[in-house]
Amino acid sequence: MNAVPLVFYAAALAAYWWHFSRRQPAAGRAATTLLVFGALAHTFVIGMQTMEIGHVPIVNASSFVSTLVWLLALAYLYTEMTTGERAMGAFILPLLVALLAIAVFKPGVDESLPVLQGPLFSVHVLSLIVAYASFGLACMIGITYVLLFKEIKAKQLGFFYARLPSLQVLDTMNQQTIILGWAFLTLGIIVGFIWTPQARAYGDPRVQAMSLEDPKIFVALVCWAVYSFEALLARRIGWGGRRAAYLSALGFAIVLLNFVPISYFLTRSHNF
Amino acid sequence: MHLILVGISHRTAPVDLRERLDFQAQGVELALRALIGHGAAREAVVLSTCNRAEIYAACEEVGAARDALVHFIAQFHGIDQAAILPHVYTLADLDAARHLFRVAAGLDSLVVGEPQILGQVKDAHAAAGRAQAAGPVLNRLFHSSFGVGKRVRTETGLGAGAVSIGFAAAALAKKIFGDLTGRSVLVVGAGEMGKLTAQHMKSQGVHRVTIVSRTMAHAARTAEAIGAAAAAPWEELDAALGAADIVITATGAATPILTKGHIESVMRSRRNRPLFVIDIALPRDVEPAAGEIEQVFLYNIDDLQATVNENLARRASEVQRAELIVADEVARFGAWFRSRGVIPTVVALRQHAEQIRRSELERLQFKLSALPPEARARVDEITRLIVEKLLLTPTEQLKSLGDPDTINVYTEAVTRLFGLAQSTNDDAGEPAADDSPKVEPFRTPSGPLDRRKTGRR
Numbered sequence: 001m002n003a004v005p006l007v008f009y010a011a012a013l014a015a016y017w018w019h020f021s022r023r024q025p026a027a028g029r030a031a032t033t034l035l036v037f038g039a040l041a042h043t044f045v046i047g048m049q050t051m052e053i054g055h056v057p058i059v060n061a062s063s064f065v066s067t068l069v070w071l072l073a074l075a076y077l078y079t080e081m082t083t084g085e086r087a088m089g090a091f092i093l094p095l096l097v098a099l100l101a102i103a104v105f106k107p108g109v110d111e112s113l114p115v116l117q118g119p120l121f122s123v124h125v126l127s128l129i130v131a132y133a134s135f136g137l138a139c140m141i142g143i144t145y146v147l148l149f150k151e152i153k154a155k156q157l158g159f160f161y162a163r164l165p166s167l168q169v170l171d172t173m174n175q176q177t178i179i180l181g182w183a184f185l186t187l188g189i190i191v192g193f194i195w196t197p198q199a200r201a202y203g204d205p206r207v208q209a210m211s212l213e214d215p216k217i218f219v220a221l222v223c224w225a226v227y228s229f230e231a232l233l234a235r236r237i238g239w240g241g242r243r244a245a246y247l248s249a250l251g252f253a254i255v256l257l258n259f260v261p262i263s264y265f266l267t268r269s270h271n272f
Numbered sequence: 001m002h003l004i005l006v007g008i009s010h011r012t013a014p015v016d017l018r019e020r021l022d023f024q025a026q027g028v029e030l031a032l033r034a035l036i037g038h039g040a041a042r043e044a045v046v047l048s049t050c051n052r053a054e055i056y057a058a059c060e061e062v063g064a065a066r067d068a069l070v071h072f073i074a075q076f077h078g079i080d081q082a083a084i085l086p087h088v089y090t091l092a093d094l095d096a097a098r099h100l101f102r103v104a105a106g107l108d109s110l111v112v113g114e115p116q117i118l119g120q121v122k123d124a125h126a127a128a129g130r131a132q133a134a135g136p137v138l139n140r141l142f143h144s145s146f147g148v149g150k151r152v153r154t155e156t157g158l159g160a161g162a163v164s165i166g167f168a169a170a171a172l173a174k175k176i177f178g179d180l181t182g183r184s185v186l187v188v189g190a191g192e193m194g195k196l197t198a199q200h201m202k203s204q205g206v207h208r209v210t211i212v213s214r215t216m217a218h219a220a221r222t223a224e225a226i227g228a229a230a231a232a233p234w235e236e237l238d239a240a241l242g243a244a245d246i247v248i249t250a251t252g253a254a255t256p257i258l259t260k261g262h263i264e265s266v267m268r269s270r271r272n273r274p275l276f277v278i279d280i281a282l283p284r285d286v287e288p289a290a291g292e293i294e295q296v297f298l299y300n301i302d303d304l305q306a307t308v309n310e311n312l313a314r315r316a317s318e319v320q321r322a323e324l325i326v327a328d329e330v331a332r333f334g335a336w337f338r339s340r341g342v343i344p345t346v347v348a349l350r351q352h353a354e355q356i357r358r359s360e361l362e363r364l365q366f367k368l369s370a371l372p373p374e375a376r377a378r379v380d381e382i383t384r385l386i387v388e389k390l391l392l393t394p395t396e397q398l399k400s401l402g403d404p405d406t407i408n409v410y411t412e413a414v415t416r417l418f419g420l421a422q423s424t425n426d427d428a429g430e431p432a433a434d435d436s437p438k439v440e441p442f443r444t445p446s447g448p449l450d451r452r453k454t455g456r457r
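Chains as they are written, first to last, in the numbering used here: chain V, 1 to 272; chain P, 1 to 457.
No wet-lab data here; the hints were simulated from the structure.
Small disclaimer: the values here were computed from a predicted structure and weren't measured.
Glycine residues also receive a C-beta, built at the ideal position from the N, C-alpha and C atoms.
Hints may contain errors.
Restricting the straight-line Cα-Cα distance to at most 25 Å, the calculated cross-link-like pairs of lysine-lysine (BS3-like) are [said to hold, decoys possible]:
(1) LYS155/V x LYS260/P
(2) LYS150/P x LYS150/V
(3) LYS399/P x LYS367/P
Coverage of chain V stretches by chain P, computed from C-beta distances (three or more under 8 Å per stretch; other residues unrestricted) [as the list claims (entries may be wrong)]:
(4) 48 to 57
(5) 151 to 162
(6) 234 to 243
Now the in silico label distances, taken between C-beta atoms and shown as ranges [stated by the list, open to error]:
(7) PHE159/V x ASP238/P: 36 to 42 Å
(8) THR259/P x PRO94/V: 51 to 57 Å
(9) THR154/P x THR172/V: 26 to 32 Å
(10) GLY238/V x ARG208/P: 39 to 45 Å
(11) ASN408/P x PHE159/V: 38 to 44 Å
(12) PHE159/V x GLU292/P: 21 to 27 Å
(13) THR33/V x ARG208/P: 41 to 47 Å
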């Protein structure tokens with residue numbers, strides 16, 4: 001089902017790269033159009049799954065990834081339309097394509113489990129999706145910041161200098177997405193802690209395995225520590241700019257680690 | 001009808017002559033009215049900038065028009081013709097069009113690709129419109145040139161990149177800080193270079209300029225020259241460094257006045273907010289190692305010059321692509337321009353056919369009047385369509401003709417075959433014609449404009 005949006009995203013990726021290297025306005029418009037079609041197809045897929053199972057598909061790891069990609073695509077489209085800046089597409093789209101490819105090649109279907117019904121669980125998962133989507137954006141923005149920073153610092157004004165927005169804009173965008181992501185991450189974790197004792201009553205072994213020793217929960221807390229530092233403390237001690245950009249990349253690397261290897265293979269608690 | 005261009009530019013004339021031939025001084029519209037009133041051309045546009053003074057005109061005969069225009073330029077500015085003749089260039093028809101297209105694209109500018117020229121070309125055309133000097137030929141020519149300018153701007157990198165130190169510094173500042181409004185600039189040293197760079201930053205919208213100099217009086221004087229700038233004593237240098245986003249150093253000091261350690265301590269106090277340091281002093285005012293500090297962007301005058309040179313080289317590499325666009329548009333304009341030569345014949349042919357149709361209908365009037373009105377309308381419609389269809393291919397063929405000789409042969413043949421009366425009205429009946437009211441046929445003015453005196457070449 002996710003294959004159709006994946007094809008659109010892949011085509012959009014090619015168009016964004018073409019636009020980024022050749023800077024042809026027509027290629028840029030084509031890229032945005034393809035991405036819009038991809039997002040529409042993706043909306044349709046997620047809508048169908050929601051109708052089928054009665055809630056947004058977020059329980060199984062693959063459907064969670066798919067929903068995350070969908071949200072990232074919408075978030076990126078929103079920033080592109082508001083800023084009129086297409087250069088970031090060349091950096092965001094690879095992430096979308098790679099993540100969705102995982103979901104396509106290892107599909108999973110949400111089961112309707114009684115333990116997973118109820119508002120707390122939905123809030124928990126949805127907050128984390130928004131948080132991870134924000135961190136994904138922040139990471140890509142951070143990477144572009146470093147690329148531009150290096151060119152200016154080395155006095156080699158070239159490829160990225162001609163294409164990217166200013167360092168200040170990138171830094172502000174990074175900061176805002178990190179704060180947004182951190183707020184949702186915090187909310188998601190707190191709700192998770194509230195939900196777990198209530199869910200134990202159902203006797204599901206996966207809920208019994210919810211503890212700090214579970215790799216998924218442990219790594220999520222490491223993530224929270226990194227992003228708390230970046231969102232609350234870093235700039236006060238002069239860690240703005242390039243250091244914040246590196247932190248964003250580091251944080252998202254941990255998020256991806258938690259997502260793919262741990263979600264699919266290691267965790268005993270979060271594998272619904 | 002021919003196109004002609006008579007002018008001087010930075011390529012042919014020294015600056016003092018260009019200044020004397022500046023039409024802006026007395027007003028371009030005045031010049032245009034004088035020019036048209038003078039009878040030197042049927043249509044005219046005067047393009048006058050500090051680097052060129054050019055008259056584009058539509059005329060009947062190139063040689064005579066050239067002499068008339070040269071005479072007009074000399075007379076209008078009160079200069080002896082002999083003084084300007086060696087510097088004047090004349091181009092006709094598509095060569096004139098190509099020249100204008102290259103000018104509009106910035107290819108003929110002193111700094112290749114500079115953006116102001118397109119606006120100046122547009123202003124020149126607008127002035128001609130106000131003076132009622134532009135007609136269908138020049139309107140078409142100038143609108144095409146705007147298209148060329150726009151295409152070159154969007155499809156090539158000819159205008160990309162800063163090509164002066166001040167612009168390069170401002171472009172870098174914008175790439176670091178985004179918008180410069182709300183940013184503050186500190187100038188260390190009260191010299192001329194620092195003042196100029198600060199003025200440039202100010203024109204780019206910076207919020208505040210502060211001058212610090214070892215001699216407070218010098219700082220105050222420079223601040224006054226920049227306007228809306230503050231002066232501060234040398235003792236407040238550190239505080240000023242802490243508050244500034246952009247620092248321009250331009251003192252005459254023999255040794256660096258800002259060391260790496262000094263800037264490091266300033267950066268701590270400003271919590272590593274980015275600092276853009278532009279060192280335009282020789283010898284250097286800032287220790288080069290200061291560029292290693294996180295969030296300090298240090299550029300000296302050689303670095304800026306290097307980016308300027310790179311941009312110039314990049315522009316040069318785009319010239320070829322811009323020339324291709326110019327050639328493309330000249331060909332397109334040429335097709336339209338040449339097709340104008342057959343228009344009188346096409347119009348005459350169509351009028352001839354329409355006349356036959358009408359007289360035949362009138363002749364049959366008594367038979368047709370017996371028919372109901374709808375049937376009469378049908379007859380009218382059918383005859384009109386037959387004429388249209390018969391003339392469609394000949395019209396298209398005539399309009400697609402290329403070189404003037406072929407056009408002559410064909411118009412001659414058509415005129416004879418159909419017994420057309422020689423039409424004198426250029427564009428009458430032509431659907432796309434936006435002709436101005438008919439003007440007096442072109443005459444070479446007599447007297448001082450006599451060809452022998454101006455020396456035709």
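Starting from the hint list further up, note which numbers the structure goes against and sort them upward.
2, 3, 4, 8, 10 and 11
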